[in-house]
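Both chains are given apart, each in its own frame, so use the hints to dock them into the complex.
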Amino acid sequence: MPILELDHVVKSFGSLKVTDDVTFSVEPGEALGIIGPNGAGKSTLFNLITGNVRVDAGRVSFEGADVTRMQPMKRCHAGVGRTLQIPQPFEKLTVFENLVVAASMGSQKAESEVTDRCAEILVDTGLIERANALAGGLGLLQRKRLELARALATDPKLLLLDEIAGGLTEAECKSLIETIRAIHASGITIVWIEHVLHALNAVVQRLLVLNFGKVVDIGTPEDMMASNAVREIYLGIEV
Amino acid sequence: MDGQTTIWRVETKTRASTAFAIVAALVICAGLAAPMYLPRATLQDLFFILTMLALAQSWNLLAGYAGLVSVGQQAFVGLGAYVMFAGVVLLKLDPLVAILLGGIASALLAIPAGIFAFRLQGAYFAIGTWVIAEIVRLLVAQWKMLGGGTGTSLPASTTRHMQGVDLVHRMFGFRPAQAVDVVCYWLALLLAVAAIFMVYRLLRSRHGLALASVRDNQDAARAVGVDARRLKALVYLASALVTGLVGALIYVQKARISPDAAFSVTDWTAYVIFIVVIGGIGTIEGPIVGVLVFFALQKLLADFGSIYLMVLGLIGIVVMLFAPQGLWGLFASRTGIQLLPVRRLLRGGPIKN
Ligand SMILES: Nc1ncnc2c1ncn2[C@@H]1O[C@H](COP(=O)(O)OP(=O)(O)OP(=O)(O)O)[C@@H](O)[C@H]1O
Ligand SMILES: [Mg+2]
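Chains A and B are the protein sequences, given in the same order. Quick note on this note's numbering: the first sequence kicks off at 1 and runs consecutively. Quick note on this note's numbering: the second sequence kicks off at 1 and runs consecutively.
Bound-form chain B, shown alone (with noise of 0.2 Å):
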């Protein structure tokens, strides 16, 4: 050694993830800003990608990094839901708090749910995920209140009460009804935001590194001091937690709600699969591009029926055989561009690269 001190220090931004920083900031404002110029159809088009997207975070989150392939969410978008149309319809409660205990629930839900699946592995984890949504959806649809097997809806006057709704009314001058849909509207992006900010925070934090960890061998984790199983149970219970949360919200949307259709395997978990494979598992960016491809083949094909159905499988398909770490996960290998970056590269000394 050469006897002087090296000043060490680490670096994780890149100067893509600096200019994104700023896009960011600005599509969040425009995104604030969008119901005084965007016309009502497309504010629920942006609120089924941005509500997507937060599921497609959460799923991403618990498959692509803590290695928990679940494919049981709808337990936790129908248990929020339902949860939800409890508080607005039995108890009487303001739709934004209903939303609120909607995700508490699911939480919850998770705790049990946790505790079963967790003494799975691999496929087994999967289809305990599901067997635990088809359980929770049968004891649901005996809930004679909520309309049992059959469903029901929210009375229109109860949304228009909500938190804010009149605000928006009196304010911009919309009429309630689209006052409603600016209000979910503007949640939507708060909680897709908030589910990446999230997500990028804790990859960020010391504990995203002791997941990643975990993910590539286990064993080896442990035995650096690394609580593999206390780390997958707090990813399970916060993906429950935003995934009730943000399937609460978009029952408020729809305001008309059914078992099958709020524990809907591939509404709630094979779309969301489908989106954080195409866009990329185990980035962030991944979800986000994915949504985007997402819809995009939502449009042009809702014409075709089943059609549809099949050309998204196929999609999936080749993806998957061609690039299997997603259209982010290509473009991010060619070009080397990173612009949520979690990698901790060590400055000073004599280091290549």
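Just chain A, with the same shape it has in the complex (with noise of 0.2 Å):
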């Protein structure tokens, strides 16, 4: 059973059809990428997967139940974990703060349960020394990594990852390949919107690529580079 599904899901804003039809699924334990130009609607997909943008039609089914309809907040219970593209930290409490409400409020549990946990994010994420700082006066790379951070605080199955690679440093971005890699090891099942391809191929086994709103196509990372129709829409390249 798919961990994800997708079923001919519309969502327009006004006139403007944001997600055209798209119907697709996740395996539990994928990777998956997803590539598209600018404004093709990648991250509004997220936002109708989470909850945070209602459907005008179709179906989100998450583990073989129907989500559609669900709150956002309870489909972070069940398992859905999320970056947002931008970050929004809580700013005024501390790294450490910010992590123990997603840990605590994503599972019930009590604070002291989830503190080891929390500090264990922290190491992972690289940002274990600034624990105690306010998030609010955090620069934009260390934004991108309590996201990431506080969104695998919520303990999540499927984590949708909204653009966290950008603007990295090489040696940034290769530390970061690897702690992407570690959460996949771990079971979590991982969709992730990104523009710099060589990270995404180096994590994903199949890519999705989006266009005005539609799925163009889906398949391995090496069919999609090859294929024209893609190359065309998304590299902007003339064949």
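Fair warning: there could be bad hints in the mix.
[As the list claims (entries may be wrong)] The following label-pair restraints were derived from C-beta to C-beta distances:
| id | chain 1 | residue 1 | chain 2 | residue 2 | range |
| --- | --- | --- | --- | --- | --- |
| 1 | B | ARG9 | A | SER186 | 53 to 59 Å |
| 2 | A | GLY137 | B | GLN218 | 33 to 39 Å |
| 3 | B | THR150 | A | GLY137 | 56 to 62 Å |
| 4 | A | GLY167 | B | ARG347 | 28 to 34 Å |
| 5 | B | ILE111 | A | GLU63 | 33 to 39 Å |
| 6 | B | GLU134 | A | GLY167 | 52 to 58 Å |
[As the list claims (entries may be wrong)] Listing some non-contacts, in silico: residues in chain A with all C-beta distances to chain B over 10 Å:
| id | residue |
| --- | --- |
| 7 | PRO28 |
| 8 | ASP66 |
| 9 | LEU168 |
| 10 | ALA229 |
| 11 | ILE233 |
It should be emphasised that the hints constitute simulated quantities derived from the structure, not laboratory data. Glycine is no exception: its CB is placed at the ideal position from the N, C-alpha and C atoms.
Structural data, given as structure tokens:
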């Protein structure tokens, strides 16, 4: 049974169709990449999966259950975690407290039970030295790491990553790839939107190409990179 | 990683907070014993300070932590007071029991009031709460058995037979009227301390952290599993309960009620907002500082009539412009001192600061 299933999902903002009859599924333990030009509707797809935006038509299922009308909070409890493209930390809380909220509310556990897990995530995401700093004072890179760390703290089964590799140096990108590989290896299913293709291709098994809200193609990274339609749309190369 | 397991722990105490806990315990003991060594007038002043402090803590929780800026707290003060009056005058209940009834009535009012007001955002929420208070005032003014628009008084005999008054009268030899004041003062002390303790416990719990996350970014909070609506509703209910209890207690002591006084937006909301803003919104210490400043100003300016209100307004504006975090916020950011710390600091490993 797929962990995530979208079935003929449609969403428009006014007259703009941002999600146009999207159907695909993700198997447990898989890592799927999503690529597409700016404004293709990638982030909106995540909003539909988490419930931050309501679908106009179609069905979203998580672990076989219909979650199309479920509140975002409930989907988080069910195991959907995400990072936001523009990081939204809780600015007046410390980095550690950001994680404690996510860990204790996401999993309904007592605060004392989540301390070790939060510290562990901070070590893994390279934020441990800033644990007691106010999140509002972090730079962009650390904010992106905090997005990842906070999503992990909710103990997700499915992790949605929205452009977390943008703007990183080569070395930072490498360490991020290692981090995400480790997360994937721990059994978490990953769907990752990214413009940095080599980072994506180092982790995912399949790529989904989105353009004008439509699924253009889905398949192995090699096949997608070789496909003429994809090269034309995404890479802007005339063939 | 070095392969060693680090022992992590969370620290919330500060040295100042430990010292403060001891001082607070001493102050509470001194407060309990105050009727033995303070004159009756001073006790009445303290009663005023403590009840305003409890109201301020409850409004601060609402506005400073849950982001629910209500200007209709007089609905809960007034209803609590009127239900207490009804309990004593109509049902012949002990005033102490009637106070509890008043608190419960206010909490019950918070359910429909919340269902209505929570549909509104920001400034509309504030206006909505005020409209609710006006409606309740108009309804209560129709209550002929409690004097309608002109109000009524508590017969002196009823408060003198309040639970505990006779005991105080016999044990300490106070005259009955004075014994009533003493019992009211103790109840005010109890409510103020309980309100502070309740807010502090909430903020120290994971729900307090969740509340802070909702205040910082509601969408992100929901995305990590925080039930923002439920948290806000609970805070609204708790604040209505405390406000109703305090309102009822204030009017046991005043022993005279009218709709205009009991539902006064100036007395029960504007002054309370002044106290919280002056002291420092979103801190527990702030309302404590604020209520003392407010009381001092009131004593100083009591003879100046309406100039008094203008001076209060001016001071409020000056503080908002130059110390938006309030006097306590200014002090805390300069010195780093926290008396009731809620910040969780992770200790262990390579953590800086
Ligand atoms: N809440 C909204 N209201 C109106 N329009 C929206 C909303 N959210 C997104 N859009 C529009 O929908 C389109 C798709 O946006 P989306 O953020 O999903 O694109 P994207 O593929 O993530 O792009 P990028 O690569 O730039 O992040 C854009 O034209 C955007 O302006
Ligand atoms: Mg996007």
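Next on the checklist: If I claimed the Cβ atoms of ILE111(B) and GLU63(A) lie 33 to 39 Å apart, would that claim hold in this structure?
Outcome noted: 36 Å, holds
Next on the checklist: Please verify that the nearest CB of chain B lies beyond 10 Å from LEU168(A)'s CB.
Outcome noted: At roughly 22 Å from the nearest Cβ of chain B, LEU168(A) sits farther out than 10 Å, so the non-interface label holds.
Checklist entry - Do the Cβ positions of GLU134(B) and GLY167(A) conform to the proposed distance bound of 52 to 58 Å? => result 54 Å, holds
Item to check | Interface-negative label, ILE233(A) against chain B, beta-carbon threshold 10 Å | outcome: Label holds. Min Cβ-Cβ 30 Å, cutoff 10 Å.
Item to check | Nearest-CB test (10 Å) between chain B and ASP66(A) | outcome: 20 Å, holds
Checklist entry - That 56 to 62 Å hint for THR150(B) and GLY137(A) (C-beta), does it hold up? => result The hinted range 56 to 62 Å holds for THR150(B) and GLY137(A), with Cβ atoms some 58 Å apart.
Next on the checklist: Can you tell me whether the CB distance of ARG9(B) to SER186(A) sits inside 53 to 59 Å?
Outcome noted: Check failed, 25 Å falls outside 53 to 59 Å.
Checklist entry - Taking the CB of GLY137(A) and the CB of GLN218(B), does the distance hold inside 33 to 39 Å? => result 21 Å, violated
Checklist entry - Lying within 28 to 34 Å: is that true of the beta-carbon distance GLY167(A) to ARG347(B)? => result 32 Å, holds
Next on the checklist: Is the claim that PRO28(A) lies outside the interface with chain B correct, judged by CB distances over 10 Å?
Outcome noted: PRO28(A) is indeed farther than 10 Å from all Cβ atoms of chain B, at 21 Å.
Checklist entry - Closest CB-CB distance from ALA229(A) to chain B, is it above 10 Å? => result Given that every Cβ of chain B is farther than 10 Å from that of ALA229(A), nearest at about 34 Å, it holds.
In this structure, the hints that do not hold are numbers 1 and 2, in rising order.
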